[in-house]
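Participant: Protein chains in written order, with the working numbering: chain A, 1 to 570; chain Z, 571 to 880.
For the record, the hints were derived by calculation from the structure and aren't laboratory data. The structure displayed is predicted, hence computed values, not measured ones. A hint or two may mislead.
Claimed, not checked - Keeping only pairs whose Cα atoms sit at most 16 Å apart, straight-line, the calculated EDC-like set for lysine to aspartate or glutamate is:
no., chain 1, residue 1, chain 2, residue 2
1, Z, Lys618, A, Asp323
2, A, Lys458, Z, Glu614
3, A, Lys105, A, Asp420
4, Z, Lys653, A, Asp231
5, Z, Lys653, A, Asp181
6, A, Lys484, Z, Asp627
7, Z, Lys618, A, Asp181
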Amino acid sequence: MKKTFFKKMSVTASALAATLLVASCGNSPAGNGTETAKDTTAPTTAPTTASTGDSTAGSDASSGEGDAYLNIALNSDIVSMDVHKTTNDYLVPMNVFDTLFTTVKNPDGSTTLVNSLADDYSISEDGLTYSITLKDGIVFSDGTPLTADDVKFTFERILTLPESAQTDYAIAIDGAQDMLDGKASELRGITVIDDTHLTITLAEPFAVFLAQLAAPSTSIMSRSITTNAGDDFGVVPEKTLGTGPYVVTSWDKGVGLTFEYNPHYWGTEPSVKKVTAKVMDSSSMDMAFQKGDLDILDCMMLDSAIVDSVYKTSYSDKIVSVDRLGMNYLMLNEDSEPLNDVNVRKAIQMAIDRKSILDSIYEGDGNLEDGIYPTGCLGYSKDNQGWLSYDPEGAKKLLADSGYPDGFEMEISLDSGNNDASKNTVQVIAQNLNDVGIKADVKTYDHASWLDLRNSGKMNSFLALWILDYNDPDNIIYTFFGSKSNSAIRSCNYSDEATIARVAAARAIVDPVERITEYGNLEKKLIQDDAAWVPLFSLKHLYVVSDRVESFTPHWAGWSDIYFTGVELK
Amino acid sequence: MQAFLRRLLGVVLVLLGVNLLVFIVLRIIPGSPASVLLGEHTSEEAVKRLTESMELDKPFAVQFFTYLKNAARGDLGQSYYMKQPVLNLILDAFPNTLKLTLLSAAFAWIFGIMAGIISAMYPGKFPDNLFRGISLLGISVPVFMVALSLQYLMYFKLSLLPLMYNGSFMSMVLPAVALGWNSAGSIARLTRLGLMEQAEAPYLDTARAKGLTSRTALLTHGLRNAIIPVVTMMALQLSSMLSGAVITESIFGISGLGKLALTAVQTRDMPLLMGTVLFSAFVISLGNIIADLLNTVLDPRLRSRAEAEA
């Protein structure tokens, strides 16, 4: 420690000296003479395909060999590169790691699961055992071969990490609960047959297990690399290695990341060889893109007024849009008076003019949604659509019948990190509610406070968005209504235990038709009969691309995190 | 010497107080690091498990004294969010903040003092009105507004300077001006005021009687006296800039102390926030002591008082 301290102090001292020198000369060349010590050195395995400068930094945008670089912006830094430890961001797992399967979007908007690390698979008739063969010859970015044991290790790690955020993705495997409870040291449901063959046995049939294996949450990690890295895994780029198309070459906390192509990658060589992702505020992103220093701009991160006035006009031919498989909803907490009254919740559903919000704030870029599953989600049924209409008079009558002729007071909590369109949406909702006599007070919290209040189950009401992690109704319905605790942590506190039990039981239905029918019935029960939340709309996710980009395929569900392999440069 | 030791003891007490305050505030405000780390899509069980493993469920007093005990041994703990020793993170970030501070201080001091002198030399005339206007803008326009305007003008319109910090000197110019802008305004106003007060002083009459021109008398004799409060302000500004220019560092993407502290607050990263606040409090205390020492050197009256006390 002492040695490090003096080393750091000497860096500090030299930085001071260099600054004074630079300040006194005033004509120093723009170089990196005063570069500071960071944990952002290139990995030992770093390929040297391209050597771009810090091009999002401004007018000194530089190009690498073959101009195969891509500059993108992030509105906030990532929490961890280790996807097992956070559900916050998926940029690194999507580009540095691989999953056994992956999801691709078809031209008609439907999705298909395709093999990724898996070469082949079969499912036993009882739906319990998955026999998986891995592709031959896959290695991690340091050359370590991928084996079936790494797959087993991955799921054991998800269950045993104290800070694991993804246990829902492994809990279906036989023996998972024992591991989670510390009663077993090995996951008995996974049997490694040889280096490329394994079987995964579930505790009970679980139709969406395969889809879960395509979510970045189940990114496969190497037993040896991860174990050797210890606490540095997910923190230090050169120790956070996967089998994916890129390696992280630097992560400057709070500032951004750089990625380079992994020459050991087993798949098709991507067009983009180097990526710089910089954390920027929305006005900087806007300026940087217009100056040609950004290649992909996420319109979600900009003020909607700027998107409308600048990008939809001057850059209309550069806009790439994807129908987002995400539900915008207003949650109503059944644990609070008078939201525990189903008629009050129904009145709120009727009081909100969703169409005018969609048209005025989002310029109609989306679909009104009347259920739980957004358009494009497996299980989405037209039968459960079209029943909810804006009816303020009806809402007033329902309120009066429920004993609230003069309305009541309620709070809508807002995460300050939301974009301005969401903030405007909440204001319009509050106004709509005021129009029927409900005095809705919008209260803004910083993200940590908002999350804490929501997790405590005591948030009165809030506007939020759920974008699918995998394309299955289970992903959204189970998350909110699959158990009392799932419902509580999202401040929903849905009270009908029989329905909760049905949602949990639906996971085990093997027959696909029967399963989807049950999910449709559950959607009707939850939203139409019990008014568990106010469904609002699903939106298009818009991006703008620069002249350097030939084509760009966003994430199938419209996440802000993108696959760099989905970008073709000119 | 005794006075100096007394000051040092004061610093230690301030640091302890600051520590306790931050600790209490972090307990009062809602928001748990476990929730932030795990993200929105996680489960209740995961949050509970992580809270236990981070020992956040332990009583307040236990957590505080454990922290204090470790801090006394020089161990500021490990960041919840960045999973690295807090001291290393601070010492990594400090050079960037130091560079930014020194450059912006250089800008603020040179520009501020010169503007103040010019204003004082032409009271009520065009240069005075011009610089007074500019310095009023300096103290009244918030730093983010200055930063965004500078980015718009120098990067977007004129393509002269980079938008974000990239390690180069040129990319540090905009942040330095944005951060120093406010200080420059205050310094200019204080210098002008000081010089104009000195211009009325009887000793300058003596200087002029000895044959010096008004301007030379003011600049050689008056400035020396007028500069004393300015130096105090400069030292205070320097230490507060050093303690973390949160907004400037965030806008320009500089991984300095301010950005570190901001991340710590946003993620409720207790060890990291305690570390950055402790470090900042230390730097500010040190800055105050240096300002006092400088004043003693500049002002003979303080020197003799200090000697008398000793």
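Participant: Take the hints in turn and mark each one as holding or not.
Facilitator: Hints, verified against the model:
no., hint, verdict
1, Z:Lys618 with A:Asp323, "35 Å, violated"
2, A:Lys458 with Z:Glu614, "14 Å, holds"
3, A:Lys105 with A:Asp420, "29 Å, violated"
4, Z:Lys653 with A:Asp231, "7 Å, holds"
5, Z:Lys653 with A:Asp181, "25 Å, violated"
6, A:Lys484 with Z:Asp627, "23 Å, violated"
7, Z:Lys618 with A:Asp181, "13 Å, holds"
Comparing the model with each numbered hint stated earlier shows that hints 1, 3, 5 and 6 do not hold.
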